[in-house]
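Undergrad: Since the structure of chain A is provided, determine the placement of chain B on it from the hints.
There are 2 protein chains.
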Amino acid sequence: MTQLSVIAIDAMGGDKGAEVIVPAVSGMLLQEPGLSVMLVGAEQQLTALLAEQGSLDRDRIEVVPATQVVAMDEPPADAMRKKKDSSMRVALDLVRSGRADACVSAGNTGALMATARYVLKTLPGIDRPAIISAIPAKGGHTHMLDLGANAECSARQLMQFAIMGTVVAADIHDLERPRVGLLNIGTEEIKGNETIRLAGQMLTGSDLNYIGFVEGYDIMSGRVDVVVTDGFTGNVSLKTMEGLARMLFETAREESRASWFRRAGALAAAPIFRALGRRLDPRRYNGASLVGLNGIVIKSHGGADAVAFQNAVRTALVEAQKGVPTQIGELLEKQAILEQAN
Amino acid sequence: MTQLSVIAIDAMGGDKGAEVIVPAVSGMLLQEPGLSVMLVGAEQQLTALLAEQGSLDRDRIEVVPATQVVAMDEPPADAMRKKKDSSMRVALDLVRSGRADACVSAGNTGALMATARYVLKTLPGIDRPAIISAIPAKGGHTHMLDLGANAECSARQLMQFAIMGTVVAADIHDLERPRVGLLNIGTEEIKGNETIRLAGQMLTGSDLNYIGFVEGYDIMSGRVDVVVTDGFTGNVSLKTMEGLARMLFETAREESRASWFRRAGALAAAPIFRALGRRLDPRRYNGASLVGLNGIVIKSHGGADAVAFQNAVRTALVEAQKGVPTQIGELLEKQAILEQAN
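Those protein sequence lines, which keep their order, are chains A and B. Residues in the first sequence are numbered consecutively from 1, following the working numbering. Residues in the second sequence are numbered consecutively from 1, following the working numbering.
Here chain A stands alone, though its shape is the one from the complex (with noise of 0.2 Å):
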């Protein structure tokens, strides 16, 4: 018999709510034996929705109900004031009382970074959580950290991003040991702030697989497998790839239609476009986790779709099945012992 991951979902988070997620969810537990869900929200909608899915295996399928839904654009502090029974929020008890083994949330990332951090607290060792993500990189995948949390970081920081960066990589990619840069201006050691270079001090001191100082076409480039950085260069960098992309599509489907050759020549590549755009599909990277908490917890984009939803709910059941957040601690633990043995 297969060891079920329970996963508490937000089914009522991001742009379009139930609508999507019920659907995505239903389609995930015929493909994912090991998945079983606890869909967190407006009782009767879910149930009529759930309804509407054809055959369900509906002992692997809860709902839970909650009365309250948080606002994309609502101010964390008040979600957490007067939110007590959202669906976001009981998603996240479910998860500090040991019934869901992660959860999922395509809801206000603010309140859903404050409400979880209230609610799970962080791992010992931990000063801050991060925002954790796969970018696509060539051949394969980077992992970077942080996209937006802490817009300013301690060296200390970025070391426990190193080692958080370190867990998530390995787990979700299956590496023996994720090469670790640290994202900096230059890769000679007096380039960038005093903070990076403390931080690179540190990393080199340490167990993790260290390469060094990387600059930003490392993120893509395949060199590294961790990219650490703090939230406020991470965030802009992440947009700053979101902006490119979407320019030269855009650039792209006007030169397509300059002329009727140009057409042609469009219609005639686009196996080629469409293997471009799956490389960058954002759909393929949804699902950032919320590294450093005692739990699970995955962001989806507000505005995903039923794939890019499911994709985030498989990274919540590989980090489940791994134990990320064990994980995490485990290595904490051991360079906490390396560092006072030195």
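For the record, the hints were derived by calculation from the structure and aren't laboratory data. It cannot be assumed that every hint is accurate.
All copies of an identical chain are treated as equivalent in the list; a pair is satisfied when it fits inside any one copy or across any two copies.
[To be verified] As a list, the in silico DMTMM-like pairs of lysine to aspartate or glutamate whose alpha-carbon atoms are at most 25 Å apart:
#1 Lys334 to Asp85
#2 Lys191 to Glu330
#3 Lys82 to Glu189
#4 Lys191 to Asp59
#5 Lys322 to Asp171
#6 Lys138 to Asp281
#7 Lys191 to Glu333
#8 Lys322 to Asp73
#9 Lys121 to Glu176
TA: Below, chain B without anything else, positioned relative to chain A:
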């Protein structure tokens, strides 16, 4: 009669030095009747290369001897101390003495920045110079600064960058009131760190066309003409673009070779790929300005070919014709008066 602008060229800088630079400059003299050049470097080599260029208006070319060359990997401090007769240093001296209106170098960036600061000094009211360049954006270009000269910046410096960026964008692209955005990780007032928020307040109170916080994808969205950020974030963001563009073109090439059918498709779509390539061609964007100095200094990429180097010289020519440093000085003074009045 055309007013001549004299550009001093570090003819020995860059990966290939005079072999690329002399033919590039010779070609430009034919296109630009307002250009006069001082080629600085090994006299014999330069004279010999000029003799190979066919008919030239020798009245607009002067060879200025310099016996040393700054190596591409030489530490800036060494270059300044030991290479007082380098082609880079002599070219900068020509700007200081007023014999040249601007200079262009494809040499070592760190050495150029350090030597330029020492020789030319910063403008009154500027704490430190910055590096600015045009970046491809939807419908045109964006100018972004700082691209790596200052890993850490104060709010006051970001304000100075906004003023310098406004002048450069207005002059290079003939814009009346360039839209200025401050790069942040969200557009709400509470986002980012204290420095950014303070800079945002200063910009709101200024006379510039400040549109508020912008995010990574706005660099290319066409929403803004000048993107202001610290040198760490700017450098990472620029190199992220380079990395993504490189990965996409490599992927397109691989995908195009995957089958006979794909190869035919790629051939048919060649004009579209060429148009995309032109849009991102780093040669078109070659020529970053070191702004904030008492003089015009343009940095060409070390690996620039003739076309790319010519674009750097063209930037120098436009900045010389418009008098960028004088304009920056005027705008700084206007801002200082405005601040005193408040």
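Undergrad: Within, between, both or neither: how does the pair Lys191, Glu330 come out at a Cα-Cα threshold of 25 Å?
TA: neither (32 Å within a copy, 34 Å between copies)
Undergrad: Tell me, please, which holds for Lys322 and Asp73 at an alpha-carbon limit of 25 Å: within, between, both or neither?
TA: For Lys322 and Asp73, neither the intra-copy (33 Å) nor the inter-copy (46 Å) Cα distance is at most 25 Å.
Undergrad: When no copy is specified for Lys334 and Asp85, does a C-alpha distance of 25 Å or less occur within a copy, between copies, both, or neither?
TA: neither (39 Å within a copy, 55 Å between copies)
Undergrad: Classify it for me, Lys191 with Glu333: is the Cα-Cα distance of at most 25 Å met within a copy, between copies, both or neither?
TA: neither (30 Å within a copy, 33 Å between copies)
Undergrad: Between Lys191 and Asp59, at a C-alpha cutoff of 25 Å, which is it: within one copy, between copies, both, or neither?
TA: neither (57 Å within a copy, 44 Å between copies)
Undergrad: Please sort Lys82 with Glu189 into within, between, both or neither, judging by C-alpha distance up to 25 Å.
TA: So Lys82 and Glu189 pass the 25 Å test across copies only (23 Å; inside, 49 Å).
Undergrad: When Cα atoms must be at most 25 Å apart, do Lys322 and Asp171 count as within-copy, between-copy, both, or neither?
TA: within (7 Å within a copy, 57 Å between copies)
Undergrad: If the cutoff is 25 Å on CA atoms, where do Lys138 and Asp281 land: within, between, both or neither? Let me know, please.
TA: Result: close both inside a copy and across copies, 14 Å intra and 20 Å inter.
Undergrad: How would you label the pair Lys121, Glu176 (within, between, both, or neither) given a Cα cut-off of 25 Å?
TA: Neither: 29 Å inside a copy, 52 Å across copies.
Taken one by one, the earlier hints fail for this structure at numbers 1, 2, 4, 7, 8 and 9, listed in ascending order.
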